[in-house]
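**Q** Note that this note's numbering has the sequence shown beginning at 1, numbered continuously upward.
Don't take every hint at face value.
Simulated crosslink set (DSS-like; lysine-lysine; CA at most 30 Å straight-line) [as the list claims (entries may be wrong)]: (1) K11 - K57; (2) K93 - K11; (3) K202 - K57.
If you anchor each label on the Cβ, the simulated ranges turn out as follows [as the list claims (entries may be wrong)]: (4) P67 - L199: 40 to 46 Å; (5) C106 - L199: 22 to 28 Å; (6) I97 - T71: 18 to 24 Å; (7) I10 - K93: 19 to 25 Å; (8) L179 - L82: 31 to 37 Å; (9) V200 - L178: 27 to 33 Å; (10) V200 - P61: 26 to 32 Å; (11) I56 - T6: 34 to 40 Å; (12) A85 - A55: 44 to 50 Å.
Derived from the structure by calculation, the hints contain no laboratory data.
The C-beta atom is built at its ideal place from N, Cα and C for all residues, glycine as well.
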Amino acid sequence: MIKEFTKGIIKENPVLVLALGLCPALATSTTAYNGIGMGIAASFVLVMSNIIVSAIKKTVPSRIRIPIFITVIATFVTIVKLVMAAYTPGLSKQLGIFIPLIVVNCIILGRAEAFASKNGILKSALDGLGMGLGFAIVLFVVGSIREILGSGTITLGFPMLFGPVNVSIFGSGYNPALLMILPPGGFLTLGLFMWLKQLVMKENG
């Protein structure tokens, strides 16, 4: 059971190894706050949709399983969108269209089809949690690096309590590398992160 959880964090990380969900990973990782927000939202949808898909897999005709899986995913995406709009309107506005687009995220539909539809509820929940956590970690780390280098600050916060808090890293004299908060900076950071991950795995056998 532990293997089902941990594989998504390192060995089968959806972004760094499987190269899934790259669009939201690049587009929403401009700040640490946005990255972790998107990661949590996607993780919730991933875990809950895996559970439901696993629970109904024996009653779903194979011919229409994909539309049904998408409907399940869309239901949880709607819940996430409404909750974020109510409790974290600033974050919801920042993430914009990428919250509804969780419906077609390759990670979520891929895990529903490849794993949850073939395994039990507990394994599916652990698989979703591990994959979601792996996705969230990548977004948070990439977002932190891009924000620190691109603006000299890191945005932290507890959205339901205090809201985002900007913390200066290099002081007021820092000249930001604006490239890092633009799309090329996202590709560069994520590419280097993928290379580092493969290097570490190779050295560890």
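**Q** The structure should be examined with respect to each hint, and the outcome stated for every one.
**A** Outcome of the hint check:
{"no.": "1", "hint": "K11 - K57", "in the structure": "holds (27 Å)"}
{"no.": "2", "hint": "K93 - K11", "in the structure": "violated (33 Å)"}
{"no.": "3", "hint": "K202 - K57", "in the structure": "violated (37 Å)"}
{"no.": "4", "hint": "P67 - L199: 40 to 46 Å", "in the structure": "holds (41 Å)"}
{"no.": "5", "hint": "C106 - L199: 22 to 28 Å", "in the structure": "holds (25 Å)"}
{"no.": "6", "hint": "I97 - T71: 18 to 24 Å", "in the structure": "holds (20 Å)"}
{"no.": "7", "hint": "I10 - K93: 19 to 25 Å", "in the structure": "violated (33 Å)"}
{"no.": "8", "hint": "L179 - L82: 31 to 37 Å", "in the structure": "holds (36 Å)"}
{"no.": "9", "hint": "V200 - L178: 27 to 33 Å", "in the structure": "holds (30 Å)"}
{"no.": "10", "hint": "V200 - P61: 26 to 32 Å", "in the structure": "violated (44 Å)"}
{"no.": "11", "hint": "I56 - T6: 34 to 40 Å", "in the structure": "violated (27 Å)"}
{"no.": "12", "hint": "A85 - A55: 44 to 50 Å", "in the structure": "violated (28 Å)"}
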